[in-house]
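In the order they appear, the protein sequences are chains F and W.
Note that the numbering used here has the first sequence beginning at 3, numbered continuously upward.
Note that the numbering used here has the second sequence beginning at 3, numbered continuously upward.
Some clues are possibly wrong.
Below, computed lysine to aspartate or glutamate pairings styled on EDC-like, alpha-carbon distance capped at 20 Å [as the list claims (entries may be wrong)]:
id, chain 1, residue 1, chain 2, residue 2
1, F, K27, F, D71
2, W, K135, W, E184
3, F, K250, W, E180
4, W, K186, F, D177
5, W, K186, F, E180
6, W, K250, F, D177
7, F, K250, W, D177
8, W, K235, F, E236
9, W, K106, W, E151
10, W, K22, W, E64
11, F, K89, F, E158
12, F, K186, F, D226
13, W, K235, W, D255
14, F, K186, W, D177
15, W, K263, W, D231
16, W, K235, F, D239
17, F, K135, F, D226
18, F, K27, F, E64
19, W, K250, W, D42
20, W, K129, W, D103
21, W, K233, W, E35
22, F, K115, F, D103
23, F, K235, W, E236
24, F, K264, F, D234
25, F, K94, F, D71
26, F, K135, F, D103
27, W, K129, W, E140
28, F, K186, W, E180
29, F, K235, W, D239
30, W, K263, W, E236
31, F, K82, F, D108
32, F, K94, F, E68
33, W, K250, F, E180
34, W, K89, W, E158
35, W, K186, W, D226
36, F, K72, F, E158
If you are wondering where the hints come from, they were derived from the structure by calculation, not from laboratory data.
Protein chains: 2
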Amino acid sequence: MLIVGELINGMYSNIALALKNHDKKIVQTCVLEQITSGADALDLCCGPASQNPLIDMPWLVEVVQEVTDKPLCLDSSNPKVIQAGLKVARNKTIINSTTADVEKLDILIPLAKKYRSGLIGITISAKGIPQNKDQRLELAAMILNQVSEKGFPIAELYLDPIVMPINVAQNQIRDILETILEFKMISKPSPKTIIGLSNISQGARPRSLINRTFLTMAVASGLDSVILDPKDKELMDTLITAELILNKNIYCDSYLEAYRKK
Amino acid sequence: MLIVGELINGMYSNIALALKNHDKKIVQTCVLEQITSGADALDLCCGPASQNPLIDMPWLVEVVQEVTDKPLCLDSSNPKVIQAGLKVARNKTIINSTTADVEKLDILIPLAKKYRSGLIGITISAKGIPQNKDQRLELAAMILNQVSEKGFPIAELYLDPIVMPINVAQNQIRDILETILEFKMISKPSPKTIIGLSNISQGARPRSLINRTFLTMAVASGLDSVILDPKDKELMDTLITAELILNKNIYCDSYLEAYRKK
Chain F
3 MLIVGELING
13 MYSNIALALK
23 NHDKKIVQTC
33 VLEQITSGAD
43 ALDLCCGPAS
53 QNPLIDMPWL
63 VEVVQEVTDK
73 PLCLDSSNPK
83 VIQAGLKVAR
93 NKTIINSTTA
103 DVEKLDILIP
113 LAKKYRSGLI
123 GITISAKGIP
133 QNKDQRLELA
143 AMILNQVSEK
153 GFPIAELYLD
163 PIVMPINVAQ
173 NQIRDILETI
183 LEFKMISKPS
193 PKTIIGLSNI
203 SQGARPRSLI
213 NRTFLTMAVA
223 SGLDSVILDP
233 KDKELMDTLI
243 TAELILNKNI
253 YCDSYLEAYR
263 KK
Chain W
3 MLIVGELING
13 MYSNIALALK
23 NHDKKIVQTC
33 VLEQITSGAD
43 ALDLCCGPAS
53 QNPLIDMPWL
63 VEVVQEVTDK
73 PLCLDSSNPK
83 VIQAGLKVAR
93 NKTIINSTTA
103 DVEKLDILIP
113 LAKKYRSGLI
123 GITISAKGIP
133 QNKDQRLELA
143 AMILNQVSEK
153 GFPIAELYLD
163 PIVMPINVAQ
173 NQIRDILETI
183 LEFKMISKPS
193 PKTIIGLSNI
203 SQGARPRSLI
213 NRTFLTMAVA
223 SGLDSVILDP
233 KDKELMDTLI
243 TAELILNKNI
253 YCDSYLEAYR
263 KK
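With the rest of the complex left out, here is chain F (with noise of 0.2 Å):
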């Protein structure tokens, strides 16, 4: 499991204040908390707050850089700001996200070639949130046509359901499980699969409580990644517990500890 850390995003206020401050200080602290705390990637979001995102991404990637050679996951709605991003990257990077728009494929999937990225598909359109299992496979299709098209290579795209919150969309959730089984089962090589996991608690409660009982069911539907908040250390348990399970990590009677120092 590729564990994507979501903190250093600009509608936490710490990093709010960093950017603003251009702080190098906070960004650095938290990623390398992250990190300790299991994060195998970072995600990089300027958010609302940032004023000039074209300067702060950039930024952004350099100081995060300057604590860890980790994957990069380059988070905007903007292709220009994800450009700039891509163009100071010396680490891997992923970009988050194109959605499953013509136009903005047409511009995500070459600069994800250009600068050998990965590429977070997110499973909604220009018409908006899907609605059911069979809209979200179409919408990956169009996806994966288009990534086939254009010569990109399947095995580093990320698929993404599109996680909906619990009380805005109770009767989806089960679906969104089988279509994370059914993206690995739409080509082959399989794409991988990433889903935004803090989605589903969004205005909720209890939110770890329920992240957590989702990425469990998420994991055995054969999740391959997934951006959290790894300093949620009951969730983060859940998750090594979920793969052990699986058989994808060996019993033994410290699997926390011992997965946590590998």
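Once you have looked at the hints, place chain W on chain F.
Positioned in the frame of chain F, the structure of chain W alone reads:
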């Protein structure tokens, strides 16, 4: 989800003592605690401590019936002990359990019919513990066959895939989850499915974390009923949340409390 409380069992020292002295207060307190915590039914097992289970089992049934009318799982490998319990039961009963052996089925199916009891059929036989999904399904088919032949209603049959401890048979656990899913498709109408949850973490640790993570996956696989410790609050919270995610309870901010009151 039918939640069967597992705590009335002679392998626990308080119940062993209660059986020894026929101290009904201990048993009744434990029953009421389990019901308050969310148990829908009670497993009754004399266990190895009992000198005379033919007397102890009906005694357990009688004293439990004094405080609740919830269903009782009569848990013994000896059909005579089960029959002794059935004879005095006024509450709904479930026989726990028959194996996939003709000698057992020949006795327990007619007994279940006579007393209008449910019947747990565990996919194990005198030949030993099954090693994979196919062997489990084969034993399930054998049980179903006997049940149909003897005119016992399939909807009253609870198939148990026999959960193995993760520290003994880690590579079988995924198979067991898939078996639960396939048990539901093995006939129309479907049999019910049940597991003895605590087996998964027998001799392992941390027990509660392993139990609740496995249970979440089993619920997603379509599990109908589970024998567990309802006094494990984190486990029960996880179970309620797993059913919430699968849209079996309606979300509200106080869904945990709301479900418990129900």
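Go through the numbered hints given earlier and state which of them the structure violates, listing their numbers in rising order. Nothing - there is no hint that the structure violates, so all of them hold.
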